[in-house]
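> Each chain is listed here by its residues.
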Amino acid sequence: MTYFLKRLKHFVFSAFIAIGPLVATHAVAQTPLRGEVTEGVIAPLPIAIDIESSGSDLGDKITKVVMADLERSGFFKPIDPNAFIEQSVGIDATPTFASWKTINAQALANGVARVDGEGRLQVDFRLWDVFSEKQLLGQSVTATPENWRRIAHKIADAIYEKLTGEEGYFDTRIVFVAESGARGKRVKRLAIMDQDGANPSYLTDGSYKVMTPRFSADSQEVAYMVLREDSARIYVFNIETGRQEAVGQIKGMVFAPRFSPDGSKLAYSVAQGGNTDIYVMDLRTRATRRVTTDPGIDTSPSFSPDGSTIVFNSDRGGSPQLYAMNADGSGVRRISFGGGIYSTPVFSPKGDKIAFTKQSGGRFSIGVMDAGGGNEKLLTSSFLEEGPTWAPNGRYIMFFREPPGALPSLWMVEASGRIERAVPYSGGASDPAWSPRLK
Amino acid sequence: MTKSVFKLALLACATLSVAACAGKKPEVVTPPPAVVEQPATPPAYTPPPPAETKPLSPTGPVPGSQQDFVVNVGDRVFFDLDQSSLREDAKALLDKQAAWLVRYPAVKVRIEGNADERGTREYNFALGARRAESVSQYLTSKGVVPSRISTISYGKENPIATGADEEAWSQNRNAHTAITEGAQ
Chain A
1 MTYFLKRLKH FVFSAFIAIG PLVATHAVAQ TPLRGEVTEG VIAPLPIAID
51 IESSGSDLGD KITKVVMADL ERSGFFKPID PNAFIEQSVG IDATPTFASW
101 KTINAQALAN GVARVDGEGR LQVDFRLWDV FSEKQLLGQS VTATPENWRR
151 IAHKIADAIY EKLTGEEGYF DTRIVFVAES GARGKRVKRL AIMDQDGANP
201 SYLTDGSYKV MTPRFSADSQ EVAYMVLRED SARIYVFNIE TGRQEAVGQI
251 KGMVFAPRFS PDGSKLAYSV AQGGNTDIYV MDLRTRATRR VTTDPGIDTS
301 PSFSPDGSTI VFNSDRGGSP QLYAMNADGS GVRRISFGGG IYSTPVFSPK
351 GDKIAFTKQS GGRFSIGVMD AGGGNEKLLT SSFLEEGPTW APNGRYIMFF
401 REPPGALPSL WMVEASGRIE RAVPYSGGAS DPAWSPRLK
Chain B
440 MTKSVFKLAL LACATLSVAA CAGKKPEVVT PPPAVVEQPA TPPAYTPPPP
490 AETKPLSPTG PVPGSQQDFV VNVGDRVFFD LDQSSLREDA KALLDKQAAW
540 LVRYPAVKVR IEGNADERGT REYNFALGAR RAESVSQYLT SKGVVPSRIS
590 TISYGKENPI ATGADEEAWS QNRNAHTAIT EGAQ
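Chains as they are written, first to last, in this note's numbering: chain A, 1 to 439; chain B, 440 to 623.
In short, the hints are calculated from the structure, not lab data. Among the clues, some could well be false.
[Stated by the list, open to error] Below, a list of computed lysine to any residue pairs in the SDA-like style, where the Cα atoms sit at most 20 Å apart: (1) A:K64 to A:E146; (2) A:K185 to B:K547; (3) B:K547 to A:E146; (4) B:K547 to A:D230; (5) B:K547 to B:P486; (6) A:K251 to B:A600; (7) A:K185 to B:S609; (8) A:K185 to B:S586; (9) A:K265 to A:R243; (10) A:K251 to B:S609; (11) A:K61 to A:P81.
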């Protein structure tokens, strides 16, 4: 286990990043520039990114990561640096806006990266509205040099937030199941990577099958299922310490874990005597409470962000549908009513929406509906896909897609369905779980 | 041996010559005794190779073995889409499984429920658990002691057919009876 702990330590313990305001060289604009969304069509905002560094390629590397983050969001169209007319703006200078207008940049983020006397990497950057010729943002981001990618994600988050008005999501991680080998002999390992696919590392060695990892709210713990020849158990993995622990001595098969929003409880399914019900365990006292008793299948529980409601999957009405109940199991009501089969419901971070998997017409879709049901909208469709997980800002949903006879891979779709992107990870991957924003 | 034969022959000739010379009347010639060869020492006795008796290798699996169960009984029953109720063909096979298990009471089994890939992972674990339980209950109803049976669901994680069509999916909707101990 030490081989990945070293890697983990590197990103968990040395990941402190300081952000401070830069002194404005220009009045900060009152009305931020926005990417335009009209009639369901997104016109990505052309933006120029130029982080420089003297004597190293760090500036170029950071620039590339910021550009890739913004491009993948679907709301930005980063401009090829080869097209830049003004080659070096200078962090304390005002850009020559005319030259940026010429290449049709509507926003410009320029900055400088340098390693200070204490060996820390500092990036100062400013974000400009090219047409109003105003500074929108000026920040200084500091971290250890090996964390340069996190600095890039912080810069991308700041730009995204300023220009979209929404919370950024780039400085986040994905825990997932790395898959390899032929179908029927799949090796399934718990893995973690940055949201852009960088820094992947394995957390388990593949000697047993791992499935459905889920992040706790502080993103330091992951609950997941381990399937062995004769048992199915839930474990909690602490990313900070590398410790993993079986959750309780529960009779029967245990699967489908999910943390409560405050991380104090775990909801999961137990199959015993052929019947699957939902239980909630207090992780401190280990006290368990059975919250469904129906003879039908009750699985895939997901808490609302305020902890008051659990949405779940049940076939109590004949076919698999979505139901909601109070967290104590009372007040069960069905919330899915369209034709087809529904499963894997997940509350959005704001609690206003539920993402789900739907099967109809021989295909699988990822969709969203209102928290109480209704306003169903399918965002994707393919031969086989499932397992939605929300970005912490509630704007994107990641899921996995498995073409016939191929390894699965991770995808993300914007919550309106207008933007769909493959998540950059080269191997087989399934069961993604999107972390909260890192601290 | 050659030497002694020669001496006898010489002696016989001498006797004949004397008789022939002594009278005119020819005497009846007595034929010489037959020469019999006598071996000096008998050759060592070599016994014939013994006739070996071996059992024939069996034409089928050893009764009570895992192979016996798989080949002569059948270790897997199949289900319809999203169903865990036993089809008639499944019941017929489980009747044979139960009879075999009653005959070999030391055997313990694990019923492994499986689902096709046309469902989500967590739901399929629950579905596989139901299928395993259906089989377990049926075997119990046919006289197999419940303590000899354990159940597990592999959901859609252990497909036996790797295709991506109905033919493969129908194979993957099954419950497998695995012998965990007590087989010959």
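> Now look at each hint and say whether the structure bears it out.
Status of the hints after comparison with the structure:
Restraint check for K64 of chain A and E146 of chain A: the C-alpha separation of about 16 Å stays at or below 20 Å, so the hint holds. For the hint linking K185 of chain A to K547 of chain B, the alpha-carbon distance of about 25 Å lies beyond 20 Å, and the restraint is violated. For the given pair, K547 of chain B sits about 56 Å from E146 of chain A by alpha-carbon distance, which is inconsistent with the 20 Å threshold. Between K547 of chain B and D230 of chain A the CA atoms are separated by roughly 13 Å; this keeps the pair inside 20 Å, and the hint holds.
Annotation: proposed proximity of K547 of chain B to P486 of chain B is violated, straight-line Cα distance about 53 Å (limit 20 Å). For the proposed pair K251 of chain A and A600 of chain B, the alpha carbon gap of about 31 Å is over 20 Å, so the pair is violated. Our distance criterion of 20 Å between C-alpha atoms is met by K185 of chain A and S609 of chain B, whose separation comes to about 19 Å. For the suggested pair K185 of chain A and S586 of chain B, the alpha carbons sit about 30 Å apart, so the restraint of at most 20 Å is broken.
Taking the CA atoms of K265 of chain A and R243 of chain A, the gap is about 18 Å. The hint holds against a cut of 20 Å. A threshold of 20 Å between alpha carbons decides the hint, and for K251 of chain A with S609 of chain B the separation of about 30 Å lies outside it, so the pair is violated. This hinted pair checks out: K61 of chain A and P81 of chain A have alpha carbons roughly 13 Å apart, not beyond 20 Å.
Taken one by one, the earlier hints fail for this structure at numbers 2, 3, 5, 6, 8, 10, listed in ascending order.
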